[in-house]
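Following the hints, position chain Y with the ligands against chain C.
Those sequence lines, one after another, are chains C and Y.
If you read the first sequence in numbering that gives the first Met the number 0, its first letter stands for residue 0, the second for the next number, and so on.
If you read the second sequence in numbering that gives the first Met the number 0, its first letter stands for residue 0, the second for the next number, and so on.
Bear in mind the hints are in silico, worked out from the structure with no lab data behind them.
You may find that some hints are simply not true.
Computed cross-link-like contacts, DMTMM-like style, restricted to lysine to aspartate or glutamate with a CA-CA straight-line distance of at most 25 Å [unchecked claim]: (1) Y/K23 x Y/D99; (2) Y/K189 x C/E82; (3) Y/K189 x C/E87; (4) C/K72 x Y/E415; (5) C/K72 x Y/D494; (6) C/K132 x Y/D236; (7) Y/K23 x Y/E454; (8) C/K197 x C/D119; (9) C/K216 x Y/E454; (10) C/K79 x Y/D500; (11) C/K197 x Y/E454.
Given next are the chains, with one letter for each unit.
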Amino acid sequence: MKQRLFILSTALLAALACAGAHPGDITNWLQAPASTTAVEVRHSFFLTLILIAPFLLAAEGLLLFVIFRFRAKPGREPAKFHENTRLEIAWTVAPALVLIVIAVSTYKLIESINYSPASDIQVEVTGQRFFWKYTYPEYGLTISDEPLVVPENKVVTLLGTSVDVIHSWWVPALGIKKDVLPGRITEAWFKARRGTYKGQCAELCGPLHAEMLIDVKVVSEDEFKSWIRSKQAELAVPSAAAPADSSAAKPADSTGTATGRQ
Amino acid sequence: MSDSPERKKYPAFFEWLTTGDHKKIGIMYLWFALFMALVGGGLAGAIRAQLASPDSGLMRPELYNMSISMHATLMIFFMIIPAWVGFGNYFVPLLIGARDMAFPRLNAFAFWLAVPAAVLILSSFLVVGGSIQTGWTAYPPLSLKAFSAGAGTDMWILGIIIAGTASVLAAINFIVTTANMRAPGMTWLKMPLFVWAWFVNATLILIATPVLSSALAMLLTDRLFGTTFLTVGSGGDPLLYQHLFWFYSHPAVYIMILPGFGVISHVVAAFSRKRVFGYRGMVTALALIGIIGYMVWAHHMFVSGIPAWLQVFFSYASMVIAVPTGIKVFSWLATIWGGTIRFSTPMKFALGFIGLFVLGGMSGIMLANVPIDYQVHDSYFVVAHFHYVLVGGSVMAILAATYYWFPKMSGRFLSEKLGTWIFWLIFVGINITFFPQHILGIQGMARRIFTYRPEFTALNRVSSFGYLFLLLGGLLLVWDLLRQAFFRKGSLPDDPWQVNDIQHTLDWAVASPPPEYNFEEIPVIK
Ligand code: HEM
Ligand SMILES: [Cu+2]
Ligand SMILES: [Cu+2]
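Just chain C, with the same shape it has in the complex (with noise of 0.2 Å):
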């Protein structure tokens, strides 16, 4: 039994020794949350873990406890009861308190995450296989399988839908993660400080669905405006290359007939 702690303690230590061996790891929202969401997510994750530790170390614990502690010997006789209402209750009733806890303690993060505050800055997300494209209708601009950029500390709400199948669009570090669906419009939100984020597509969508990767990139309000100005100014020049609608510019690869890796 020895062996089995051992194996235990080393597996926990080897892991949690890998969960902090990439401190730059922009995808990680435990270690970086980049938005007040995600931030606020990593604290219920923490509240969390704490609650229902006791209840798994207690598990664990008695068990390896029983499983020393009772072995049979020669001489030993078996307890005879089976049956113990107190304690039934009381392993009824605690786990249940601690359940209240926790789910009073998510139901605010609940309405913020699904309501958004006041809107900043809207961007309508529409996923295609394989890659992404964002409108953002107050400037009349499109693009697409380019990073999305916004301007920091901004509360940005984003309005996805799908033209083909359903997609998920996570980014981890914002802490936002919302299926987008043909036919409907779904909303997520976050306010983020600068930085560059990476996500991924999260809903499986098809041979590339590993593919359909995300980045944002989270700039100050100047950055921002100029980054408008240079885009638009890029789409208005009409040239033979350049196609008005964006989307139609993808390569093949990108609508269905999957290239991959061989």
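Chain Y with the ligands only, in chain C's frame:
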């Protein structure tokens, strides 16, 4: 069946093909499940090999998606569920003192429906375009003709509908058998816990499975006959499918674990040499899990765009399930408390079950917490969660049942020495393979991907390495099973584990293996 002289002329396998004996049917289900475990386990190896590095390039993305879809399908519908139906078939009649199931022919029919369903689904690999690539959840629109044109998807859908029908027939049989055929004196509250667990389970199957079949039928007619139940743009709604799918598939996760709860109670009591602690609490917990299990399906859909108040409802309802689950865990521990434990192989698996299942339950509570689920839904955290409950839980319980009941079914023990090796390989393998996946999910690795960001390489390699332990443990087990079942002779007493002086269950009151009609005289329970 009478031993008429003509019957004797048929070869033995014909006897098996036509049998209505619940024990033979049970055994056939178990070999069937074992075969499917080998195929499904092989696919798991292919998946872990592909993921051993971010660009291993072993599989094209299409083949990778087929592998994950088929792996899940085989493990859920053709391995875990049939294995429980097998043990249920063999032991429910024995445990309630009946001579057979209520409808022996229906019983045989259900098994012989499951076999062609499996053949149909496996052969979908051979058609043009290959097998299904949508994951086992088969969400439309991805699973509609426009995005999954091949006939493989149709074969898969049809196969699942047939397998579902088979399990509904089996469930009806279990319910009627348990309700009507208990030995005189066996009141509901004297029924062994495995029988209780199977009764609740059968009710779940009976209510939930037709809902899955109807969702799949809509999918199939949308694909083949141009209906538009689920087709966007013609009034259909893909979210309808998700609701129906999870209305079945959430209870389905309990369909895979409840009989395990029953077996663990028997094994833990038998090898601690004590009676089960809190029998009434255990029965109540089983029933509550069955009932609440119906009210939580949308916890798989928190990020799908369902309104916030629904998220709150389904989140709280999901957490409530942890209470009866906790009752069961603490009651098992209290059963062992004060006992005199023998660490025979079934007990090793039962203790391993408790240890691993608790971890899986805890990550379940984290997932039921909506904000956390917003982060880790469809990530490797979910993969870790359900492998802890399904491999650490259901499969460990199936192994406990195998070691516990094999002597009854065959009159021979499985090797204890090999059993110890097999237990440690599998226990350690599960932890090495699945624990790192929690962290991968928290770090942001999505599930169902054939390649990943290079940051995730180290932990994926650890996970793939763990598979080797599971493979070795599994192969040793198969070898021992084949060897003992076909090449060894033995004649154990009725009660080889010597449990009956502590707790009386009727499975240990008949010969090993039991005679054709189980009991010469129907036993009377005092
Ligand atoms: C304490 C009780 C449990 C709770 C609160 C719980 C909660 C959850 C939640 C919220 C999810 C959805 C995660 C997501 O997709 O984002 C989930 C997924 C899952 N759970 Fe549990 N769970 C519990 C026990 C179990 C048990 C006993 C089993 C099976 C034996 C199980 C099997 C699964 C499976 C297979 C999935 C993933 C399905 C898929 O997406 O393919 N869970 N669980
Ligand atoms: Cu995708
Ligand atoms: Cu569920």
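Each hint, compared with the structure:
no.	hint	verdict
1	Y/K23 x Y/D99	11 Å, holds
2	Y/K189 x C/E82	15 Å, holds
3	Y/K189 x C/E87	20 Å, holds
4	C/K72 x Y/E415	19 Å, holds
5	C/K72 x Y/D494	21 Å, holds
6	C/K132 x Y/D236	23 Å, holds
7	Y/K23 x Y/E454	51 Å, violated
8	C/K197 x C/D119	22 Å, holds
9	C/K216 x Y/E454	20 Å, holds
10	C/K79 x Y/D500	13 Å, holds
11	C/K197 x Y/E454	12 Å, holds
When held up to the earlier numbered hints, the structure conflicts with hint 7 and nothing else.
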